[in-house]
Amino acid sequence: MLELIYILNLVGTVVFAISGALTASDHKMDAFGAVVIAFITALGGGTVRDLLLDSHPIGWMGDPNYLYAVLFAVLLSYLFKRWIASLRRTMFLFDTIGIGLFAALGTQKALGFDMHFTIAIMMGVVSSVFGGVLRDILTNRVPLIFRKEIYATACLAGASLYVILIQFPIPDYLTLIIPIVLTMIIRLLAVKFEWSLPGIK
Amino acid sequence: MLELIYILNLVGTVVFAISGALTASDHKMDAFGAVVIAFITALGGGTVRDLLLDSHPIGWMGDPNYLYAVLFAVLLSYLFKRWIASLRRTMFLFDTIGIGLFAALGTQKALGFDMHFTIAIMMGVVSSVFGGVLRDILTNRVPLIFRKEIYATACLAGASLYVILIQFPIPDYLTLIIPIVLTMIIRLLAVKFEWSLPGIK
Amino acid sequence: MLELIYILNLVGTVVFAISGALTASDHKMDAFGAVVIAFITALGGGTVRDLLLDSHPIGWMGDPNYLYAVLFAVLLSYLFKRWIASLRRTMFLFDTIGIGLFAALGTQKALGFDMHFTIAIMMGVVSSVFGGVLRDILTNRVPLIFRKEIYATACLAGASLYVILIQFPIPDYLTLIIPIVLTMIIRLLAVKFEWSLPGIK
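Protein chains in written order, with the UniProt record's numbering: chain A, 1 to 201; chain B, 1 to 201; chain C, 1 to 201.
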């Protein structure tokens, strides 16, 4: 189980990093910019969470495989940009698994630091969405997620479900998988039916 | 006294969060964006201060009431936007109490971490103004406070006075109240007479 | 040797801070904005590195001389803007020494925290370049360094050489000086011959 989570984490990192590298390419950045944007898109959310929780070493600082995953993703984006573009559906699937996983794991981690459940849910959402927020700041845009809700609510639902499930005598792997599946379902439905949140009028 | 400070802190959080939610509304953000911007406007300055001081748990992470105050403020902004707009003067008054309070408390906290008095004053100013700076970064503007000085100098004066007053045998509550009043007076006068700082020519 | 490093660190801080203050002036900021931008340009990279490494007190928080160096630099920029503009070549030289020094010292510090050598090199680069990245975010630009590589690769080379040199029985001062010289040479050549990195096409 732990090994599977680790591998999914690295796969999620690669997928997020590829999306970051493609954004850098859209902004005509060079290889250095691509690595920085890919890194921050993939690992920025977890970094903010770990800084807030005072959890050290920060995930990727204690394990260089995350850095290698980002460099690998940027290399892939350089070499096979067209092929990757044709894989948008597959990418989207792994991206959705990734955000569900990050939301559930982020919540779990915060609870391990004795945080109140509301703060823990918030840390789950931060883990999932703040990488994209930082990417948008670095590329000088108002973060997309603030305008047209894409996956924040899905992460919120998954993180909240995780907090509920651990109250019950359910096997550990199910308390992770069920919220991830919920996050995925909400996000897929939100994209399919173009759900969005209301604003202040 | 401690209870009064706590209540003023929460009221300041609500007022700052409302101003953040209204900014989000100006930028046509959805409810998720409104919560994030409100949160960062109200609690971003204290978060940066606590991260720099290595003070954990960060204020709002150890007490969910701050998160509730932000959610309450966003709800108010949704339900009563017009009524709030008509309260600009009252809001401005509480906002001014808030920045004075945050500046004095931030300085006090830094001194408790054995910081040099210049660094402590700086932490007071950071507590007060960095929430607004982060809000402006997230909404893709050059921070207003860098162009036309609104309250940074007032906070600087309040924080500096606090550092001076604690050298004397004055009751604790006065060492807090006097700098807060000074911060308020300078800010009110600055707004009334449109004071501003010179730039480099 | 330690004293020389300390003095070079402060000189580097002044030079970086002057460049920040001039940027603030270009954006028509007031004195408060100039101090903030100068501070973040000069000390932002080291601050991010120390937060990530959980190294407290953060460099400038334990020694007010860094804050004084920034204030001195802003004052110089106010009083002698034209004279400073005529010193561009001298400034560029100290700036180049500064980035080489920050890259080598940042790498050294991270290794002292038992970081993997790849993460240590990354911390060296972060120390050198993130101040400029934060300056560009605060002045609402896509960081220049992501578009047209100026010195990131030079820092990467210097930091990497440092990691190699400490494997050998070389005197301490040489393990610092040689990477600094390498960083300087690459940067000077890059500027002279307008080298740049390729992007993703």
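Hints are computed from structural coordinates only; laboratory data are not their basis. Among the hints, a few may not be true.
Claimed, not checked - If you anchor each label on the Cβ, the simulated ranges turn out as follows:
no.	chain 1	residue 1	chain 2	residue 2	range
1	C	Leu75	A	Ile7	52 to 60 angstroms
2	B	Ile170	C	Leu75	27 to 35 angstroms
3	C	Leu189	A	Ala85	32 to 40 angstroms
4	C	Phe193	B	Phe92	33 to 41 angstroms
5	A	Tyr173	C	Ile5	34 to 42 angstroms
Claimed, not checked - Keeping only pairs whose Cα atoms sit at most 27 angstroms apart, straight-line, the calculated DSSO-like set for lysine-lysine is:
no.	chain 1	residue 1	chain 2	residue 2
6	B	Lys192	B	Lys81
7	A	Lys81	A	Lys192
8	C	Lys28	C	Lys148
9	B	Lys192	A	Lys148
10	C	Lys192	C	Lys148
11	C	Lys81	C	Lys192
12	A	Lys192	B	Lys28
13	A	Lys148	B	Lys81
14	A	Lys81	C	Lys192
15	B	Lys28	B	Lys192
16	C	Lys28	C	Lys109
17	B	Lys148	C	Lys28
18	B	Lys28	B	Lys81
19	B	Lys148	C	Lys192
20	A	Lys28	C	Lys148
21	B	Lys109	B	Lys81
22	C	Lys192	B	Lys192
23	A	Lys28	A	Lys109
24	A	Lys148	A	Lys28
25	A	Lys81	A	Lys109
26	A	Lys28	C	Lys81
Remember, predicted model here, so these are calculated numbers, not experimental data. Glycine included, each C-beta is placed from N, C-alpha and C at the ideal position.
Tested hints:
Look at Leu75(C) against Ile7(A): about 55 angstroms separates their beta carbons, and that is inside 52 to 60 angstroms. Range check, Ile170(B) to Leu75(C): about 33 angstroms between beta-carbon atoms, so the 27 to 35 angstroms window is met. The supplied range of 32 to 40 angstroms is met by Leu189(C) and Ala85(A), whose beta-carbon atoms lie about 36 angstroms from each other. Separated by about 56 angstroms at the C-beta atoms, Phe193(C) and Phe92(B) break the suggested range of 33 to 41 angstroms.
Taking the beta carbon of each, Tyr173(A) and Ile5(C) are about 52 angstroms apart, not inside 34 to 42 angstroms as hinted. Distance check on the hinted pair: Lys192(B) and Lys81(B) sit about 26 angstroms apart at the alpha-carbon level, within 27 angstroms; holds. Taken as a hint, the Lys81(A) and Lys192(A) pair is honoured in the structure, with Cα atoms around 26 angstroms apart against an allowance of 27 angstroms. Taking the CA atoms of Lys28(C) and Lys148(C), the gap is about 25 angstroms. The hint holds against a cut of 27 angstroms.
With a C-alpha separation of about 39 angstroms, the suggested pairing of Lys192(B) with Lys148(A) is violated against the 27 angstroms cut-off. The suggested pairing of Lys192(C) with Lys148(C) holds, with an alpha-carbon distance near 14 angstroms, which does not exceed 27 angstroms. Between Lys81(C) and Lys192(C) the alpha-carbon distance is near 26 angstroms, which keeps this suggested pair within the 27 angstroms criterion. A distance of roughly 23 angstroms separates the Cα atoms of Lys192(A) and Lys28(B); the hinted pair therefore holds under the 27 angstroms criterion.
With a CA separation close to 21 angstroms, the supplied pair Lys148(A) and Lys81(B) stays within the 27 angstroms bound. Straight-line distance between C-alpha atoms of Lys81(A) and Lys192(C) comes to about 32 angstroms, which puts the hinted pair past the 27 angstroms bound. Under the criterion of a C-alpha separation no larger than 27 angstroms, the hint pairing Lys28(B) with Lys192(B) is inconsistent with the structure, at around 31 angstroms. Only pairs whose Cα atoms come within 27 angstroms are accepted, and Lys28(C) paired with Lys109(C) is rejected, the gap being roughly 37 angstroms.
Straight-line distance between C-alpha atoms of Lys148(B) and Lys28(C) comes to about 9 angstroms, which keeps the hinted pair within the 27 angstroms bound. A threshold of 27 angstroms between alpha carbons decides the hint, and for Lys28(B) with Lys81(B) the separation of about 14 angstroms falls inside it, so the pair holds. For a cut-off of 27 angstroms, the pair hint linking Lys148(B) to Lys192(C) is broken: about 39 angstroms separates their Cα positions. The hinted pair formed by Lys28(A) and Lys148(C) meets the criterion: a straight-line CA distance of about 9 angstroms does not exceed 27 angstroms.
Simply put, Lys109(B) and Lys81(B) have alpha-carbon atoms about 35 angstroms apart, too far for the 27 angstroms limit, and the pair is violated. Restraint check: the Cα-Cα separation between Lys192(C) and Lys192(B) comes to about 53 angstroms, which exceeds 27 angstroms; the hinted pair is violated. At roughly 37 angstroms between alpha-carbon atoms, Lys28(A) and Lys109(A) are farther apart than 27 angstroms, so this suggested pair is violated. Among the hinted pairs, Lys148(A) with Lys28(A) is consistent with the structure: their alpha-carbon atoms are about 25 angstroms apart, no more than 27 angstroms.
Restraint check for Lys81(A) and Lys109(A): the C-alpha separation of about 35 angstroms exceeds 27 angstroms, so the hint is violated. As the CA atoms of Lys28(A) and Lys81(C) are separated by approximately 34 angstroms, the hinted pair breaks the 27 angstroms bound.
In terms of the numbered hints stated before, the structure departs from hints 4, 5, 9, 14, 15, 16, 19, 21, 22, 23, 25 and 26, listed from lowest to highest.
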